[in-house]
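Residue-level listing of the chains:
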Amino acid sequence: MSIDTIEGHGPAPEAGATADTPVLEVTDLNVTFRGFGNNPDVNAVRGVSYSVRSGEVLGIVGESGSGKSVSSMAAMGLLPDHANITGSVRLHGEEILGLEDKVMARKRGKVISMVFQDPLSGLTPVYTVGDQLAEAVTTHDKKIPKAKARERAVELLDLVGIPNPEHRYRSFPHEFSGGMRQRVMIAMAMANDPDVIICDEPTTALDVTIQAQILDLLRTAQSETGAAIVMITHDLGVVAGFVDRLLVMYAGRPVEIGTVDEIYYGSRMPYTMGLLGAVPRMDLERQGALVPIKGNPPSLTDLPPGCPFAPRCPIAQPECDLAEPELLTVGAQPSAETIRATSEENGQAPAQVEDTGDRRVACIRSGEIETNDWTAQDIYPVPDIPEAEGTGGEREHRAEVLRVHDLIKHHPLMKGAVLKRRVGTVYAVDGLDFDIREGETLALVGESGCGKSSTLMEILGLEKPQRGSVEVMGRDVSTLSKAERFALRKDMQIVFQDPMSSLDPRMTVFDIIAEPLVTHRVPQDEITRRVYELVGLVGLNTEHVTRFPAEFSGGQRQRIGIARALALEPKLLVLDEPVSALDVSIQAGVINLLEELQAQLGLAYLFVAHDLSVVRHIADRVAVMYLGRIVEIGDTDSLYKSPSHPYTQALLSAIPVPDPEKERGRAHIVLDGDLPSPANPPSGCRFRTRCQKFVTLSAHDQEQCTNVEPQILPVNGGDQGSACHFAERQEGAV
Amino acid sequence: MSSTTERPDRGSQTEAPAVPPAPSRLKDVLRQLIATRRVIIGFAMLAGLALLAFLGPVISPWGITERDYLATLDGPSPEHWFGTNRTGQDIFTQSAAGLQKSLLIGLLVAMISTAVAALVGAFAGYFGGLTDRALMWVADLALVLPSFVILAILSKHFMGASGWLILVVLLAGLSWMVTSKMVRGMTISLREREYIHAARFMGVPPRKIILRHILPNMSSLLIADATIMVSTAIIGETALSYFGLGVQPPDITLGIVIADGANFATTAPWMFLFPTALLVLLVLAVNMIGDGLRDALDPTSKSRRS
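As given, the protein sequences belong to chains A and B, one line each in that order. Here the first sequence is numbered in numbering that gives the first Met the number 0, starting from 0 and rising by one per residue. Here the second sequence is numbered in numbering that gives the first Met the number 0, starting from 0 and rising by one per residue.
Just chain A, with the same shape it has in the complex:
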């Protein structure tokens, strides 16, 4: 690792740590990964500066590849040797960049610690959780006796809310769920009362209800240790209620820094504005079309000289391409004339690099945005999504495209190698009822493991289900002949979640889109015409068809997947988490496309998602699933406004809203524990083990929950139904 530190500016390290010295101060950090062979260098981080004071929470947001993780890894000294780091990282005023790994190791975990994104690989699988925690304690104080360290580990486990910590001390990581593992990681990070905790997307891999638990825990950890927290995330909702100050990164550079309120309510950088406009909002009733940011983030290997966002910026000027704008206070940006003059002289104005705590923006038009008070809707061209025609009228009068009645899917649990015997049953899907009418969108929502994907596979398989019935276009699939089943597949197509694995890497885009047409024996010249039509329809270019999937970005690949699904002109499109793998700005474009297509072609969507914000934006009706059953179903507006099932309420309340003011004022319902195993669901109401309502009930009422399985009964009038014995007594609480 070659490191150059900046000398001769700022307070000398010897000045000592006063109360005002930031705990962690990063100044002009640059990280370059040298390319091997013929590969060009990657400038992952370019001039990042920030400082966090004790007890302060700084958020760093940016899309994937914006350098947010790399910059924090550099601060921790965790980057590989071939990374070239320059700049300065001061911990309590002491320069730590360039310290020997051994010296750094003494600080890591003690003064500065980190919570990683992936709780699966964060713990060593061969040691017990408790021993790993005790190790975190003893590494920094060898004199601590083993029993003391153990005691501390149990205390920490208790602190992070692991039930029965004495007993769980001896558990191995694989016996813990993802959320619990992340708790252990946090316990480890706070084991030695560090002064800074860096959290690298700590909740990205977790479900919403678990995310709420973890965010809650992080707040506790902060108040417990008084540490400064650097929160790295791509989720604008998570940071809104959690952080004090926010740093927005784009293409390895900070583009805006300020307090959360300043940025959320008055962003002056087009990128941040676009990002905020692109987030679907759960708390708004009619949001209108999302703001798509066109194009893709630039590659970090050879950036043009100007502002890296200029090619995607709706208000870019010729001056934007001349020089990269510095991070300056609003109004302090040089005028367009000055930029032209300096770029002709080929000199760069000396920049102020340290984080002063002021709100600063890297956009030469920030002053203009400030004076005109522009918002994302003003500067971004928002597509006009036409209202669907022909599908109007009462829901009951429209044709049913899909009806699922009492569908179950049970997997046997087998044991033994030679003589297999059944030791149990996984109740993946256990009695589902719903229908979808022409031109409407039904969203199937639930946490991972609730049986959403199993349901889809059952429906799309068009085979006779284990119990119940599936009717597609009014035809019961169990009575179909082989030829009829083949013909029926035309009417129902799927778009998958992962744009990486849903397209055959060995086929060109043309062949991929043509495959359904070839399969259904469409004549060759008709295929060619149709493929080009579809390519245009989903917003790709004609010259794209000869390329392979690997050459496209995630959003474009998802468009190819949509084109393939549309090839046979289906009436029902099954969307399996189609946007959850995409960045916010790209996601907005795909959501808009889906809405547009629905309006144009009159499609019905079965939209499977775990993100309730996206669902509110796109769905007409929502079905909430829990452990293989629907707990609440109804039209989107009434369900979001007055959720009647405790689980729906908890789900809705767990989602952070990208609005700092609202978010701070919201009371979150935090559910206890994890999803029970679908192999052994609780008796009676399946949700009762985690239910916030259950604990408030009288013993007599609790008995009913424990013994009687609730059926879906209408609540709140209209179309909303809920499977809770005590649903009607509830008031809506968002």
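None of these hints come from the bench; they were simulated from the model. There's no promise every hint is true.
[What the hints assert, rightly or not] Distance condition first, Cα-Cα at most 20 angstroms in a straight line; then the derived DMTMM-like pairs of lysine to aspartate or glutamate:
#1 K26/B to E542/A
#2 K109/A to E55/A
#3 K26/B to D524/A
#4 K207/B to D510/A
[Claimed, not checked] Here are the simulated distance ranges between beta carbons:
#5 L164/B to G473/A: 54 to 62 angstroms
#6 K26/B to T328/A: 56 to 64 angstroms
#7 T328/A to V28/B: 52 to 60 angstroms
#8 A141/B to E399/A: 52 to 60 angstroms
We put the beta carbon where it would ideally sit given N, CA and C, even for glycine.
Starting from the structure of chain A, add chain B where the hints point.
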């Protein structure tokens, strides 16, 4: 890769009057192959070797079994281009004729055994259940058969004009099992990919899914296997011939010539060097073609410009 841009302005393309012709995958691969120098060299070498193998015995003044009693164990000379062996047979003629059979045996065995392995493995892995168990049972059975003994017992059938064909079938039949197990493992993991699900849900029959999606996605493995198999088959046949169990006289293979010359490698190096060089060239050519083919089929490979 990342230079591609998304253009949200649609509508204009949908009415594009001139519909460009459909791109052809086969043509693309061929173009790719021809553009790779390695493949051209490989094909040229293979063609040269084939030419030598089929024209060599014709242009040589000596017959395959003909003995020149005046020149036994002679070095290369104008009469005997590659020298002679201990009984005065012409090494050039023998090598060329041997190459002819070895070339056919090597390529055919490689192709047959890889094809069988791919099909058996992919079908077993894709269908699972009973098909899987039946096919893997056959593979396991073939694996425990003592191949050498079987070949020894059947060696008397290798005589005659098409005797070597029986040998080819037997060699291929005894060498596909390990690869088929690898293919099966890969198929099981590929089967759960979303594009396979997508194909299933659009109604593509299983047979076509295997041929269109599964096998192309393991072409790297199959090509590597086939190239290795070429040399393995030639060498395997050599080993058999050494014990007199391979191709039977008057047919001759490169293996027989090499085995014959191996004892004289230090005293009469030409007996050993020339046929061995031919074998090395053959394997090299096959490897070069395989390498190029793999790159041409793999859209993510480095050597491919996008």
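Quick check: which numbered hints come out false for this structure?
No hint contradicted; all consistent.
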